[in-house]
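If you're matching them up, the sequences are chains Y and F in order. For the first sequence, position 55 matches number 55 in the working numbering, and the numbering has no gaps at all. With positions in the second sequence counted from 1, the corresponding number in the working numbering is that position plus 566.
Incorrect hints may have been included.
What the hints assert, rightly or not - Taking lysine-lysine and the DSS-like style, the derived pairs with C-alpha atoms no more than 30 Å apart in a straight line are:
| no. | chain 1 | residue 1 | chain 2 | residue 2 |
| --- | --- | --- | --- | --- |
| 1 | F | Lys749 | Y | Lys447 |
| 2 | Y | Lys302 | F | Lys589 |
| 3 | Y | Lys434 | F | Lys748 |
| 4 | F | Lys997 | Y | Lys308 |
| 5 | Y | Lys308 | F | Lys891 |
| 6 | F | Lys578 | Y | Lys308 |
| 7 | F | Lys749 | Y | Lys328 |
| 8 | F | Lys1000 | Y | Lys322 |
| 9 | Y | Lys543 | F | Lys874 |
| 10 | F | Lys959 | Y | Lys415 |
| 11 | F | Lys631 | F | Lys589 |
| 12 | Y | Lys347 | Y | Lys543 |
| 13 | Y | Lys302 | F | Lys749 |
| 14 | F | Lys1109 | Y | Lys322 |
| 15 | Y | Lys183 | F | Lys894 |
| 16 | F | Lys981 | Y | Lys431 |
| 17 | Y | Lys137 | F | Lys1013 |
In case anyone wonders, no lab produced these hints; they're calculated from the structure.
Number of protein chains: 2
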Amino acid sequence: MLSDNWEVLATKAQSIYQNSLEKSLKLVNFDKALGQKYNELPSAKGETTKDYGSPTKHPFQLYLKTVPQSVLDITEKEPVDLLTDLKNGKFTCVEVLKSYMTAAIIASKLTNCVQEYLPDEALEYAEYLDRNHETMKDLPLYGLPFSIKEMIPFIGRAVTHGSLCYLDRIVDYNADIVNILKKNGAYPFVRTTNPQSLMMLECVSYAHGRTVNSFNSELTSGGSSGGEGVLNGLYASPFGLGSDIGGSIRSPAAFNGIYGLRSTLGRLPTADYFSCNRGSESILSVTGPLSRSLETIDLVMKTIIDSKPWLIDPTLAPIEWKHTKQDKFRIGIMVSDNIVNPSPPVKRALNIVQEKLSELGNFELVPFEPFQHERTMPILGKLYFEDGGRDFKATLSSTGEPLLVQTSWAIDGAKDLEMHEQWYYNLEKQKYRKEYLQYWVDKYTDKDGHILDAVIAPVFPNVAPKHETSKYWGYTCQWNLLDYPVLVFPVTTVDENLDHPLAEYKPLNEIDEYFYKQYDDAKSFAKAPVNLSLIGLRNTDEKLIEIGKILRQEIGDTHFCFKKVK
Amino acid sequence: MLSDNWEVLATKAQSIYQNSLEKSLKLVNFDKALGQKYNELPSAKGETTKDYGSPTKHPFQLYLKTVPQSVLDITEKEPVDLLTDLKNGKFTCVEVLKSYMTAAIIASKLTNCVQEYLPDEALEYAEYLDRNHETMKDLPLYGLPFSIKEMIPFIGRAVTHGSLCYLDRIVDYNADIVNILKKNGAYPFVRTTNPQSLMMLECVSYAHGRTVNSFNSELTSGGSSGGEGVLNGLYASPFGLGSDIGGSIRSPAAFNGIYGLRSTLGRLPTADYFSCNRGSESILSVTGPLSRSLETIDLVMKTIIDSKPWLIDPTLAPIEWKHTKQDKFRIGIMVSDNIVNPSPPVKRALNIVQEKLSELGNFELVPFEPFQHERTMPILGKLYFEDGGRDFKATLSSTGEPLLVQTSWAIDGAKDLEMHEQWYYNLEKQKYRKEYLQYWVDKYTDKDGHILDAVIAPVFPNVAPKHETSKYWGYTCQWNLLDYPVLVFPVTTVDENLDHPLAEYKPLNEIDEYFYKQYDDAKSFAKAPVNLSLIGLRNTDEKLIEIGKILRQEIGDTHFCFKKVK
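This is chain Y alone, in the form it adopts within the complex (with noise of 0.2 Å):
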């Protein structure tokens, strides 16, 4: 851990940034045009990471008219089928690495959503792919780069998760998910940003900077996995990997309208992410593939457990992805966990998608009351920090980095428990989880045996919501505490003409009309996506792929860049 003053170690992350950038230009290689098209963008980086910088209101608008046709033809087309343009040699593995890292370029200056750019490591793997392309074309993710959440261990790099003490932790090893998807073609070409202590829904951190939404600056990427979930909304990479152990994964995904998959404890490997807190077991953090292509996220996650990561991480199970076919779904609706109501265009969607699935034939919707989510903060708020958050802080008192706003309001209420207390909680999380399974499955299984598939409900009160006002976690880490699988999957746009503010309300506690007032008008939110969750079971992962797909074939593809290609 250094103990350099944080300013000299912010202007450093800089530079480490500012290094990798120049690289991937050379790599990239701009024309004239180009090159003056991307000086003149507006930049979503401030001076220093301390500053923010000036970003566009609407980032997406300006990355389309920025980067070249010849690259968004490489980028945006379903991943899978690239797969299959690459495994046929239409696009050697470089070529495809250039378009997605010109991309990626573009899209984190105007949304300073990537942490450090690989070039050379990538280009390496891309160049070696292609000179053994006829050996190894076979491999299910061919030539596919991919980013990574700047936690996840690469070899040769800092891993900080948004601390900047961390700045000389060069690891000498990847992650074994890493390792695992190089082995079957796939390999990363950026690190995406995270925000200090990892532990908010937006992403800010003296290590980057801010992350913006990559629909509207004024609202948040979403977090942890804030600089996934922004490069992944630009289509600016085919997949990434996040973690979430309160909605790390989730709100990002939400936040940018594509699909994010929060999965079962136990299915891929997570164990070598970094993060504080190491060594504390009580609620473990989980890995799991964004991307705004489901099918991507299907053969990933094939892809990986095929592999039998289960010989190499001892935490997993050895549970085989396998997708079973299904006539009849029985699906829950979840309006509001009864302590914040989630706003209008979020209710707009739980409207939408009820009314699309209900005229299919095999789909049964029931209302679903959440189960006393009200146990659940109580005992997250103690079990996320149960050291009272002393080693977090010891990570910010070394350098005097100063507390971010969102990380000072989740630590808040830590308390450095005394082994019995940590015993308490367990049990309160053992019993609360033991009495949801059973709530689940004596009340919503039909006379017939079928158990509920899955549930559907917000990923958040709002749509993202305006930066430093994320300050609910409910709607996600309800999932963490009882360890169930979520799809995260969108379904529309914030409409102004439909989703006004309600003129009258009560609300339900003090939280509740922060929210309230938060929505105080459509403009605000203006093309902010709503994406939803659907919840299942433990390692019920495959089953909410199968729903997701059904899903995107009725709601249709919302998302813009998908319209655009079309």
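Take the given structure of chain Y and dock chain F to it, following the hints.
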């Protein structure tokens, strides 16, 4: 938690036993001759639970002389065959219950292995099954009584797990696993003894006294599932349920010459069992069956897992119980953990197994070097009692119950950890698990990619040791730390002509010297069974059963009862 004087409670515990015994005697209704025989049996139970009785030296001999042949005809039948008889109506369920109850009453007088009989509940269920023979006879375990370790919740009974202060903790539910077995036609008929704190490889408590070995009462029964080991060792139960956090299924199974399966965490419901340190999650206890019948263990596992227990217990993984045919096996032989070398009979057992398996064409045997087993106890020594034993000590101090020698030894070195210390030892555990898996896979996989299927190793440095001397857990707790499933299986019994102590020996260390000296003479261990461990990677429980079946076929059944009945 009661605060009455412990001696008063000890008397109360004795009278609970006595009452249940008297009811059971009425149920089985001994004729005059048997009644007299029974009254004259030397008792392993003292006047109160503070005293020890004066058991006969070799309980099984007297057991066989006492139990009427008509009872043995039922109790010594392979339980899987008995099931066929029950289904066919050759025996009624009540007949079978009465036979097993007779056997258990006699077994317990000789060894003090029953904590409490369940005559009323068992009879009620047996009669219910008989009345519904036609509709229920196809249940996989139709009519089979079974025994449960005292710490397993059984409705309407006090669960003490060996601490008198809990004598008023009457539970109002059955453990999930008990409910599942009942739904499948089996039902508990006795609760078996477990020791103070559950943390010893012996079985002594002020709630029952001392349980002695079924083969040689000068030796320990093993523990903590001591009562199960002995009752099943005498064939006085078709199967039983124990629990294991450091060897508690395996040592009693091994010391009494039967099979015992320490299943992988997440296969069987255990979370609702009672013990000290509830809420401590760093090292978890796991349940599993003990039986002289490997087919019964297989059937019980299959029945429970086929019931989808993961829809009841949220800690379980949805992994089906599935045997896969395998033509070739690759087995490691670990002769010593390099900390305490095994005694002569244990080494001989290893030789027998090696010899038999090497004669088979489809078994490849490789020497297996233990991977740094010296790292295990320093981690477990902290994580077993991460509160420094406070929780456990409180159970004694409330009533003044004295700390037993073996418990005292077990908690020696425990420390009330602060949160970062716990995290430190959790990380040490995680690191070791990962390195061990890598070692197993990388070092022992053959050139065709065939991973080592299992390792055969001692269960303990010796056969059942003398009372109060089982002061080394390394051969069992090693696999708890790694969460590897282990099947212990019988190989032979101590042979006075073959198993001479080593005349010359240079001990590896102090504890090795202690064990060397303990094995003073084969006569001290006369008739003691010699079992071994079969260890697999996580979730290979089925494979262990498969290999166990081949081993049995090759070694032959060595258990006295089996031989006699044959």
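Hint-by-hint comparison with the structure:
1. Lys749/F <-> Lys447/Y: The given pair, whose Cα atoms are some 19 Å apart, holds under the 30 Å limit.
2. Lys302/Y <-> Lys589/F: violated (59 Å)
3. Lys434/Y <-> Lys748/F: holds (20 Å)
4. Lys997/F <-> Lys308/Y: holds (19 Å)
5. Lys308/Y <-> Lys891/F: With a Cα-Cα distance of about 19 Å, the restraint between Lys308/Y and Lys891/F holds, given a limit of 30 Å.
6. Lys578/F <-> Lys308/Y: This hinted pair is violated, its Cα atoms lying about 54 Å apart.
7. Lys749/F <-> Lys328/Y: holds (28 Å)
8. Lys1000/F <-> Lys322/Y: holds (26 Å)
9. Lys543/Y <-> Lys874/F: Holds - the C-alpha atoms of Lys874/F and Lys543/Y are around 17 Å apart, at most 30 Å.
10. Lys959/F <-> Lys415/Y: Satisfied, since the Cα-Cα distance of roughly 25 Å is no more than 30 Å.
11. Lys631/F <-> Lys589/F: Holds, because 24 Å separates the two Cα atoms, which is no more than 30 Å.
12. Lys347/Y <-> Lys543/Y: Given pair Lys347/Y, Lys543/Y holds - Cα atoms ~24 Å apart, limit 30 Å.
13. Lys302/Y <-> Lys749/F: violated (36 Å)
14. Lys1109/F <-> Lys322/Y: This hinted pair holds, its Cα atoms lying about 22 Å apart.
15. Lys183/Y <-> Lys894/F: Satisfied, since the Cα-Cα distance of roughly 28 Å is no more than 30 Å.
16. Lys981/F <-> Lys431/Y: Within the cut-off at roughly 27 Å; holds.
17. Lys137/Y <-> Lys1013/F: holds (25 Å)
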